[in-house]
Amino acid sequence: MNILSWLVIIPLLTITGILLVKDARQTKIVSAIGMGIQLIVAFVIVFMYISLRKSGNTDEMVLMSSFEWFKSLNIYYTVGVDGISVAMIALTAVVVFAGIFASWEMEDLKKEFFISLILLATGVFGFFISLDLFTMFLFYEVAVIPMYILIGIWGSGPKEYSAMKLTLMLMGGSALLMVGLFGIYFNSAPDGGELTFNILEISKITIPIEAQRWFFPFTFVGFGVLGALFPLHTWSPDGHSSAPTAVSMLHAGVLMKLGGYGAFRVAMFLMPEAASEMAWIFIILTTISVVYGAFGAIVQKDLKYINAYSSVSHCGMVLFAVLMMNRTAMTGAVIQMISHGLMTALFFALIGMIYGRTHTRMINEMGGLMKVIPFLGVAYVIAGLASLGLPGLSGFVAEMNIFFGAFEHPDTFHRVATIIAISSIVITAVYILRVVAILLLGPIRDNHYISLGDAKWYEKLSLLTLIAGIVYIGIAPLGLSNIIRESLLPIIDKIL
Amino acid sequence: MNPESFMIMRHELVLTLAFVFILVAEVFTGERNKEKIKSIAVALFAIVTAAGFLPAATGSLFGGMYEASGTTTLMKNILNIGTLIVLIQSYTWLGRPENRDRIHEYFLLLISTLIGMNFMISSGHFLMFYLGIELATIPLAALAAYDRYQNRSAEAGIKLILISTLSSGILLFGLSMIYGVTGSLYFPEVAAKLTSVPLVIMGFIFFFAGMGFKMSLVPFHLWTADVYEGAPVNVTSYLSVISKGAAAFIFIIILFRVFPVISMTWEKVIWVIAVMTITIGNLFALRQKNMKRFLAFSSIAQAGFFLLGFIGGNRLGMTTVIYYALIYIFSNLAAFGVVSVIAEKTGKENMDDYDGLYRTNPGLSITLMLAMFSLAGIPPVAGFFGKFFLFVAAAEKGFYVLVTIAVLNTIIALYYYLLVVKAMFINKSEAPIASFRSDFMQKLGLAICIAGIVVTGFASGLFEMIRNLSYGI
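Residue numbers (the numbering used here), protein chains in the order written: chain A, 1 to 496; chain B, 1 to 473.
Simulated from the structure, these hints should not be mistaken for lab results. Check the hints yourself; a few may be wrong.
Pair ranges (Cβ atoms, derived) [unchecked claim]: (1) 193(B) <-> 210(A): 38 to 46 Å; (2) 60(B) <-> 67(A): 39 to 47 Å; (3) 471(B) <-> 482(A): 52 to 60 Å; (4) 204(A) <-> 454(B): 32 to 40 Å; (5) 260(B) <-> 12(A): 18 to 26 Å; (6) 464(B) <-> 37(A): 29 to 37 Å; (7) 156(A) <-> 350(B): 25 to 33 Å; (8) 454(B) <-> 67(A): 16 to 24 Å; (9) 12(A) <-> 7(B): 41 to 49 Å; (10) 471(B) <-> 36(A): 48 to 56 Å; (11) 468(B) <-> 58(A): 38 to 46 Å; (12) 204(A) <-> 2(B): 57 to 65 Å; (13) 204(A) <-> 70(B): 23 to 31 Å.
In silico DSS-like links for lysine-lysine, alpha-carbon gap of 27 Å or less [what the hints assert, rightly or not]: (14) 289(B) <-> 36(B); (15) 22(A) <-> 443(B); (16) 111(A) <-> 494(A); (17) 456(A) <-> 22(A); (18) 428(B) <-> 345(B); (19) 428(B) <-> 22(A); (20) 301(A) <-> 371(A); (21) 301(A) <-> 165(A); (22) 111(A) <-> 428(B); (23) 289(B) <-> 165(A); (24) 36(B) <-> 345(B); (25) 204(A) <-> 397(B); (26) 428(B) <-> 165(A); (27) 371(A) <-> 456(A); (28) 193(B) <-> 268(B); (29) 193(B) <-> 348(B); (30) 71(A) <-> 397(B); (31) 36(B) <-> 159(B); (32) 159(B) <-> 268(B); (33) 443(B) <-> 111(A); (34) 494(A) <-> 54(A); (35) 268(B) <-> 443(B); (36) 111(A) <-> 456(A).
Here a beta-carbon is modelled for each residue, glycine too, at the ideal position from N, C-alpha and C.
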């Protein structure tokens with residue numbers, strides 16, 4: 001059995017295990033063990049990948065395996081990884097692991113919660129290892145649907161509305177995507193060969209330009225919905241603020257990255273000519289996403305809404321960087337995906353923990369929390385600083401790469417767009433520092449808060465896992481960016 | 001007739017034997033043992049279904065009026081499986097005191113409609129086709145009026161019989177025009193002599209309208225919701241699944257075998273009808289509160305999705321229509337099965353009544369959720385594969401606009417299917433349906449459906465087998 005397939009099998013086994021055990025405590029333990037093993041496997045894959053590359057393996061994808069599935073349609077279950085997917089797998093494993101511990105005190109219907117959460121994770125892992133568009137699409141939808149149940153049952157606020165909105169918009173995106181995939185499939189053999197869903201094989205041929213013009217927008221927008229592309233981002237603030245902690249973590253941290261990942265792995269990699277023709281439209285849209293998301297975050301009062309809008313801004317930056325179509329910016333895009341994944345998961349975990357103590361998420365009802373819950377407070381500051389791009393933390397590395405790459409374009413259009421997008425850094429600083437000041441510093445607003453307890457062991461475990469990732473990327477980014485850069489080569493070659 | 005020719009029409013003969021057996025058994029059982037008939041009949045039908053999978057002979061009989069091929073055998077087997085599930089699901093309901101005296105009627109009527117459908121699918125001549133379709137629909141009207149002392153059921157029966165007669169009349173009128181042009185009613189001869197003259201087009205339109213009534217395509221769908229709501233749940237599930245599946249099967253056979261010459265014409269007709277059927281079915285389903293009406297409109301929309309397999313006239317299209325029919329049988333019967341179990345225990349049929357169902361009856365809720373996801377086309381359950389391949393089949397011939405409309409419609413459909421999931425899992429209820437235990441036969445019926453929903457999608461071998469038996473224009 002190929003080691004990559006274990007990434008799908010382990011979660012399924014964990015779900016089976018949860019079904020077999022009796023009470024809530026055992027459920028937690030089984031989930032934690034299952035996802036712990038998953039984390040280990042993910043890092044084993046990272047090291048296997050690195051050692052393969054060191055030993056001189058220059059294949060586009062490694063650790064590949066393939067099974068025939070629907071023969072007459074030439075659909076295969078094909079898996080394989082390159083540096084980008086390896087990085088995303090490691091990110092997912094870390095966030096899922098942290099998410100399990102962040103929902104340690106879930107009360108209602110615990111079993112169902114963990115089953116849905118792990119099912120969602122299965123979809124995400126499956127998506128990142130797939131090299132066949134059919135299986136990729138299948139896993140993509142598997143990752144979206146559990147969200148409905150997760151937000152609907154365990155969410156807060158207008159949860160039913162948010163859950164339905166999020167599900168329908170994301171499935172709407174996947175509907176467009178499906179049309180795009182058909183277009184790719186039926187143009188995958190212009191010389192009359194066998195049609196295929198295999199990404200590597202399609203990348204070897206050139207899809208006719210007329211077909212590209214038709215189907216690139218479908219594919220890119222389809223993935224873009226999940227990547228919070230303006231104006232299709234509206235599910236994100238509602239969905240993230242209504243979702244329970246672990247779901248917000250996983251969704252903003254990982255699921256939104258499916259959009260960015262798919263946008264360049266499928267849409268741009270397979271239809272590069274149309275991509276460079278139409279990039280300008282999407283650059284405008286993503287620039288709006290970046291700035292608009294940041295401005296949106298300034299005026300929000302609810303911690304989760306602030307972070308949800310900040311996610312729109314940061315994920316917009318991923319798509320923005322991808323559309324710049326050069327190596328530096330795209331490296332930045334991938335680092336930004338990972339950095340934002342860790343950072344936003346940290347944010348949502350902290351918000352969940354703070355909410356669990358103060359029972360409010362409104363920033364003006366809180367104050368001086370640093371004095372009573374210093375561990376959570378410091379963690380919040382670290383997340384905030386990473387978010388506004390302080391050197392030494394992951395956000396800086398990502399944004400540097402993105403904006404350097406974007407500025408490599410000499411023409412006015414790209415430069416103006418870049419400058420506008422860069423301004424979001426300042427806006428980000430405004431909303432982050434504002435929250436830190438109101439929430440953590442100053443006098444304690446309410447006497448009731450004095451007796452609050454600081455983080456428990458499982459909360460610390462969850463937070464430290466994420467902080468470790470952020471600091472590691474911030475201090476030693478070269479390991480990660482080297483892996484990414486070399487894997488971007490075939491994509492860049494194809495696009496240019 | 002010789003022994004080999006008996007083998008060719010084995011499916012029909014075995015069903016007829018079962019029919020006679022039940023009739024005789026009814027005569028020879030005393031008043032006290034009437035209940036036993038249902039066990040005997042279900043067991044007998046299980047044997048019939050199993051017998052269908054024995055290697056079958058192929059060939060034609062009665063000078064080409066009856067034809068049996070691998071394709072028709074496959075279709076008949078699929079219908080048998082569906083009918084078996086329906087019978088298992090009806091088992092408990094038939095045990096009610098008011099049904100005691102007419103248990104045998106249910107089986108006799110049901111089996112005779114199935115015989116009709118089998119003849120219809122195997123027909124090689126329009127007269128045979130017409131006989132089959134009548135044999136399939138007239139007993140159905142009697143079945144719809146099975147609860148004849150309830151006004152709604154009697155009304156459903158009357159509506160169904162009137163509509164069937166009307167649609168048969170329209171169908172025959174169309175066929176008469178085609179006969180007038182070609183001078184024959186044999187499928188191969190009609191296909192050979194058919195030309196694209198206006199009379200043929202007109203005949204085809206009438207034929208299409210007749211079939212539209214049977215498949216409940218928009219704008220010929222108006223009878224559906226009333227009949228589905230009025231008829232007993234188990235009859236409704238039979239109507240919406242088996243009857244519709246059989247109509248889809250023979251429709252695609254006739255389109256591909258008899259009308260390939262005018263395919264340019266029927267492509268356009270089907271394009272419009274498919275868009276209308278899917279969209280209007282979906283929009284009406286949005287507002288339904290009664291589960292049976294809800295499933296009625298959802299099944300109208302599903303019928304529209306079948307048309308996506310028709311439109312290309314390609315081999316992949318026929319494959320996916322048969323494949324999707326199988327998946328649709330499992331999914332819709334699972335949904336109807338749950339509705340029927342709940343109606344049987346509590347008499348409740350409205351969506352509001354399902355609020356909070358998961359807390360009291362988790363098993364039923366999960367079954368219904370899987371069924372809804374399968375109907376909506378959500379992976380990893382089978383509906384996803386079925387829908388995906390239907391879209392591929394239409395896209396293969398370049399109907400991208402149609403595919404886009406259909407794909408966007410799946411989002412509308414997802415909304416109302418999620419409403420059911422929301423009721424069961426998310427809504428809170430003051431007085432939810434109390435926790436109860438289903439009996440063995442109800443569980444068996446649902447278990448078969450769940451197994452079908454989960455396995456059919458991943459079973460690529462099944463898809464390839466169906467493909468080997470399918471053909472394009």
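For each hint, the structure was consulted:
1. 193(B) <-> 210(A): 38 to 46 Å: At roughly 40 Å between Cβ atoms, residue 210(A) and residue 193(B) fall inside 38 to 46 Å, so the hint holds.
2. 60(B) <-> 67(A): 39 to 47 Å: Check passed, 41 Å falls within 39 to 47 Å.
3. 471(B) <-> 482(A): 52 to 60 Å: Since residue 471(B) and residue 482(A) have Cβ atoms about 55 Å apart, the given range 52 to 60 Å holds.
4. 204(A) <-> 454(B): 32 to 40 Å: holds, 36 Å
5. 260(B) <-> 12(A): 18 to 26 Å: violated, 46 Å
6. 464(B) <-> 37(A): 29 to 37 Å: At 36 Å between Cβs, range holds.
7. 156(A) <-> 350(B): 25 to 33 Å: Between residue 156(A) and residue 350(B), where Cβ atoms are some 29 Å apart, the hint holds.
8. 454(B) <-> 67(A): 16 to 24 Å: holds, 19 Å
9. 12(A) <-> 7(B): 41 to 49 Å: holds, 45 Å
10. 471(B) <-> 36(A): 48 to 56 Å: For residue 36(A) against residue 471(B), whose Cβ atoms are near 53 Å apart, the range 48 to 56 Å holds.
11. 468(B) <-> 58(A): 38 to 46 Å: holds, 42 Å
12. 204(A) <-> 2(B): 57 to 65 Å: Distance hint for residue 204(A), residue 2(B) holds at roughly 59 Å.
13. 204(A) <-> 70(B): 23 to 31 Å: Between residue 204(A) and residue 70(B), where Cβ atoms are some 38 Å apart, the hint is violated.
14. 289(B) <-> 36(B): Between residue 289(B) and residue 36(B) the Cα gap is close to 37 Å, so the pair fails against 27 Å, i.e. violated.
15. 22(A) <-> 443(B): holds, 23 Å
16. 111(A) <-> 494(A): violated, 46 Å
17. 456(A) <-> 22(A): holds, 25 Å
18. 428(B) <-> 345(B): Holds - the C-alpha atoms of residue 345(B) and residue 428(B) are around 21 Å apart, at most 27 Å.
19. 428(B) <-> 22(A): Holds, because 25 Å separates the two Cα atoms, which is no more than 27 Å.
20. 301(A) <-> 371(A): Cα-Cα ~22 Å, so holds.
21. 301(A) <-> 165(A): Holds, at about 22 Å.
22. 111(A) <-> 428(B): At roughly 19 Å apart (the allowed maximum being 27 Å), residue 428(B) and residue 111(A) satisfy the hint.
23. 289(B) <-> 165(A): holds, 21 Å
24. 36(B) <-> 345(B): Distance ~22 Å between residue 36(B) and residue 345(B) Cα, so the pair holds.
25. 204(A) <-> 397(B): At roughly 24 Å apart (the allowed maximum being 27 Å), residue 397(B) and residue 204(A) satisfy the hint.
26. 428(B) <-> 165(A): Roughly 20 Å separates the two Cα atoms, so the pair holds.
27. 371(A) <-> 456(A): Holds, at about 17 Å.
28. 193(B) <-> 268(B): holds, 22 Å
29. 193(B) <-> 348(B): Given that 27 Å is the threshold and the Cα spacing comes to 55 Å, the pair is violated.
30. 71(A) <-> 397(B): Answer holds: residue 71(A) to residue 397(B) is near 20 Å, not above 27 Å.
31. 36(B) <-> 159(B): The given pair, whose Cα atoms are some 33 Å apart, is violated under the 27 Å limit.
32. 159(B) <-> 268(B): violated, 30 Å
33. 443(B) <-> 111(A): With Cα atoms ~23 Å apart, residue 443(B) and residue 111(A) stay inside 27 Å; holds.
34. 494(A) <-> 54(A): holds, 24 Å
35. 268(B) <-> 443(B): Between residue 268(B) and residue 443(B) the Cα gap is close to 44 Å, so the pair fails against 27 Å, i.e. violated.
36. 111(A) <-> 456(A): holds, 22 Å
The structure shown violates the earlier hints numbered 5, 13, 14, 16, 29, 31, 32, 35.
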